[in-house]
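Chemist: Spelled out, the chains give:
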Amino acid sequence: MLKLRRIKGVSPPHRKHTQNSPVEVLPVPKRVEIPMLMHSGKPAIPVVKPGEYVKVGQLIGELSGTISSPVHSSVSGTVKEVRTHDRVTGQKAESIIIESDGLQIHHEDLKPHPVSTLQEFLDAVRDSGAVGLGGAGFPAAPKLAIKNLDELDYILINGAECEPYVTSDTRTMVADTEHVVDGVRLLQQFMKPRKKIVICIEDNKPNAIEAMREGFKNDDYVEVRVLPTLYPQGERKVLVYNVTGRIVPEGARLADVGCLVSNCTTITVFSRYIKRGIPLISKVITVDGPIVRNPKNVLAPIGTPIWELFEFCGGFTAEPGRILAGGPMMGIALPDLEVPVIKTTNAILADVVENKNKIRETVCIKCGRCLNVCPMSLMPPNIETAYHLKDTDEMKKLKINMCVECGSCAYICPAKRPLVQAIQLSKQILWETKK
Amino acid sequence: MSNLTVSVSPHIHHKATTSRIMLDVLIALIPAFITAIIVFGARAAVVTSVCVISCILCEWLYEKITKRPNTITDYSACITGVLLAFNLPVTIPLWQAVFGSAIAIILVKQLFGGLGKNFANPAITARIVMFLAFSVTMTNWYSPYETTSIWLYPIDGVAGATPLALIKRDELEALPSLWNMFLGVRGGSLGETGNLALLIGGIYLMLRKVITWHTPLTYILVVVAFSALIGQDPLYHMFAGGLFLGAIFMATDYVTTPQTNLGRFVFGLGAGLLTVIFRVYSSYPEGVSFAILLMNILTPYINKFTRTRPLGAVKDD
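Chains G and U, in that order, are what the protein sequence lines are.
Heads up: the first sequence at position 91 corresponds to 404 in the numbering used here, and the numbers run straight through without jumps.
Heads up: the second sequence at position 305 corresponds to 318 in the numbering used here, and the numbers run straight through without jumps.
Note that these hints are calculated values from the structure, not bench results.
Here the structure is a predicted model, which means the values were calculated and not measured.
Be aware that one or more of the hints could be misleading.
For lysine to any residue, the following SDA-like pairs were computed, each having C-alpha atoms within a straight-line distance of at most 20 Å [unchecked claim]:
id, chain 1, residue 1, chain 2, residue 2
1, U, Lys-317, G, Ser-690
2, U, Lys-328, G, Asn-714
3, G, Lys-316, U, Leu-275
4, G, Lys-343, G, Gly-627
Okay, chain U solo, but in the shape it has when bound (with noise of 0.2 Å):
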């Protein structure tokens, strides 16, 4: 009797795995995770664990109930955790990190059938959601530095503002500099000041080939066009708010965007422009989560747009 295996070809798969591909990610979101913690405190770590810990710990407990299988080892809900963490103002009331970690893990993926069946990203609907709701305490803002002592509760520290919300009121003499901006030494949601860092896990991803340039790269260039065709200070709207997380984590999660590099392409075109339009013209400083919730809606259409052209295909009649 034979014990040999017949399966279909191809016999060899090459050695990248969802999971690999997700702790990948989380390797590039650690130099981010870093410089939140030197600008913003150890608070800044105190949110990151709460919100990556309540997320896997919904993803156990849904799959638990409804009895499918367990995802946490595919890593995919400690990204949400942490990108959703990235998003929040470090002074934001733990249980509202909960809150959002439930809305994002349960409502937005689990609902829609788990990952890879999700059409929104989760930590950014969440963070919208959160934004909607918790209205005060997600805009309570908190200087660089000025948050150093505070662990579990928040305190009254020295509040301050955005700097897309000190070009939004025109105050900018207000505005950090450039270079602290590119740093990260600025107020804003706990992950998102660090570009540098930023950009360091961007380079990381693009050298392990887990994203291509195409979507962080038109997204970040339309942006920055844009604003200075309109008359704003292209480099400030580059650094000021969340477009290099949005940009390089959030608009290229293979779930939601494009899958061809022509439809990741019209995913940067779009996103960039809507979140030039939501922060000039729209009543809230920033924009990005907004433009890239709504290119998520659009992705199923970009999608079919961009479909790939089989070589010497004949057209259909």
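Same shape as in the complex, but just chain G (with noise of 0.2 Å):
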């Protein structure tokens, strides 16, 4: 399709250091904390009680609604506690702690999971625990669940990871190939989208794009589409547009322009669960940052304290001024070494704070380069004042309910302007007077 529109965006450096890294298993940790709530939607209930004890694999957390996911347990041993906790996005939610036995015995109920009928499908989906691992943590049950199935052109795989550090996706598709084949082959067979499937790849992962494409080889409706290497590239609404050329119109969903996109680890999550029995318990972590010793791609237990992976990694090399979970774009700054693993963690990273000389904020000088870099073509310098005036008004017509926040403006500001902040309050503030 013609292209009449070039996606912008900035290109921070890659520092993709762990990208030949083979996956090493954490040994088991003692205690792990598992939230309720590690996708967007609905927390999962606990149904399990302190003092009972629990294998690999049981469910934990029963789903409450549509929009929802289960939760399993991530280590054998016995529930210590359920407990309200403070979500690091400032949310409370439920989470389990559970005290392990060291003995990873798994739960009876571990069995393949044969599907045949897409509703088997879905459902097998759902138990698998899958969400979202490329960051929102969208159920993938309801996700998949389009109603409109026969209009589907496309399903594009996310495997652009386009967040410097990050390469835990680039790890799955290299060294768990086998799952990911499988994954897209039961979307080909269930959902059928009228065009392909493509999976998406930076230029900057050759190791990725090889594995795809010997493992695709023989399924001719599947594409490995090589994309620019383009911070952000993986955002699901710039990848649409530079794979299909097709715009999503604002408010709309991918499904109502014929596609659908999913991370590549997410369909290795049902995948697995599928073939093997086990649900989502385990992420793959890149653990990396400037004062890092060991840079590596970790298999951890969900509900792992983070300071464990980084204790596995060698420590720090220097006192760590602020710890990532996600990469430096988009991750989130955590407030202590406690806060465990979740579903959507694929990377954590620890630094030293910059010297707060250097990005020390100063007055609009009105460059225009944010503009110039918003993969969404908005206005950040205006959505800033008209934050500053709260004016809604303004901020309806500047479309900042299209913003992703991919934080593109605030990297290349020379101003060093805390755009995306104003960015999310913008969106607060529209959000409490629509009520």
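Two chains, two separate frames, one set of hints: put the complex together.
Modeler: In structure tokens form, the structure reads like this:
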């Protein structure tokens, strides 16, 4: 399709140090804290009580409603506590603390779940605990349950992984090719997109491109598409446009333009569940950052406190000033090292805090750099002004609801304006006025 | 107790900072500065220094008095000083240069809120004020190489008109060769003559991604095309006045020009047309400053009409 626009973006340094590091398995932690809300939507409801013995893969949190996801134990051991904790995003949610016995005894229900109909497939996806592992954490089952399935043209498997440092998706494609291929075949079998399934990878990941080409050499409905390395290539609307030329209208879903985007690791979750019966209980996590002694990719049980991962990687070479869950562009700065690994954790990074003077905020000089990197073609400086004036009409006109918070504007800003913050707070204001 | 910083994403930033950008502009002005010294003598350096020092002092003093944060380290006042000096004849009495600097920094920049808030280019506006207030000394042009001996006091040298004034008076035979005009060996404001040097500076700024090509290229091409259309010599219009200085360094000032590339294109288009109109039909030989000032005034409107179209945005009713 003819593309009239070129989606803009920024080119932060890649820092994919761990691109070729095989995944190492973390020793079983003594204690895990498994939150009931590791996805967007409604939290899972705990179904185990303190003192109860649980096994690996056992259901400990039941889904509540359609937009929800079940939670399984990542270790075998004794439930110590069910408590309310503060999520790093500010909300409160329940979590289950389990003391591990180190035996990793698998639950007897962990057996293959062969599927033969779409409904069985969707049920299996739901039961696997799969959520969008690209970051958003939207439960996979309701996402795949699109109404107009006969109008689905493309399924895009997102392996762009455009954030600096993070290589866990790359490692999944390289070292867990089997489950990626299985996942894609399941999608083809039950969803049958009219055009094709496209594996989308940025051109700075030759090993992943090669692994995927090899894995899909006999599947002619699959295309491995090499995309230029440009942040935020992996943003779903950006990806849909760059691969299919289709523009997702404001407020519409991707399915409305015949597309579905799923992260490449997400599909391994349900394919592993269907093939081997193992739900989402562990994650490959990139542990990196300027002050991490031996950056690695680590397979860690969900609920592991992140300090254990850093310790496994040789600890810090300097006093950490900032710890991130996720990449440096969109990751969340964590308040302490006790925060557990959750389903959507793809990386944890440690750094000293940049010299405060270096990132000193100065006035906007109207250089226009932010306008020229915004993938959505929004106008961040105008939004910032509208935010300071609390001008809700202007905010609506400027389409702040369309901002994907990729952070390109704030990254490029020479005056170091906190543009993402202004946009997030503006969204909050709009949301409150709507009520 | 945790000592971790919790901040808003993104957690990394591009290395460009406001002061680094301003420093790049200063670096880009060096070739033109050297040309000015070669062509007009050491007094070019004296005038430039006076303007720079007065601009910095004015900024520091104003911020001290109004108890605002000190911003002289962002180099923006320094750039205003250099650009103002480049817009003055080398013979300008130094007290007038100081006066102009005060107009630029205090009246045009600080009274509107300082860096980022002023709507008009400080150097250009100050030049226009000086041009109207000191019309004799501001048009006291000297021929190249004739002012090497003057340092602090203007002396009677060989007066020489600018090429644009010669065109205006129809004294075409007195015009310097195109090659000399390109190199900067001609009468005029001390920093405007070195077209080659200004061009080198402009290319540096584009390579450093400080400015985009949209405004300068459109501006220069429109001047060439429009002057040719109305029967003027386009090459002389390109090299004879302050077009390169204006198009590369003044019409690309972030604060006072549009932010989108489309807006920058419109700015260049308007400035180009206005420049030729002023040069050919007004009673002044030069029109670059007036054109840029007028386009500065139009900039908020250009910004308004060149807003970006968000990807997939649905029109509001």
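Chemist: Taking the hints in turn, state whether each one holds.
Modeler: Here's how the hints hold up against the structure:
1. U:Lys-317 x G:Ser-690: This hinted pair holds, its Cα atoms lying about 15 Å apart.
2. U:Lys-328 x G:Asn-714: 13 Å, holds
3. G:Lys-316 x U:Leu-275: 19 Å, holds
4. G:Lys-343 x G:Gly-627: Roughly 19 Å separates the two Cα atoms, so the pair holds.
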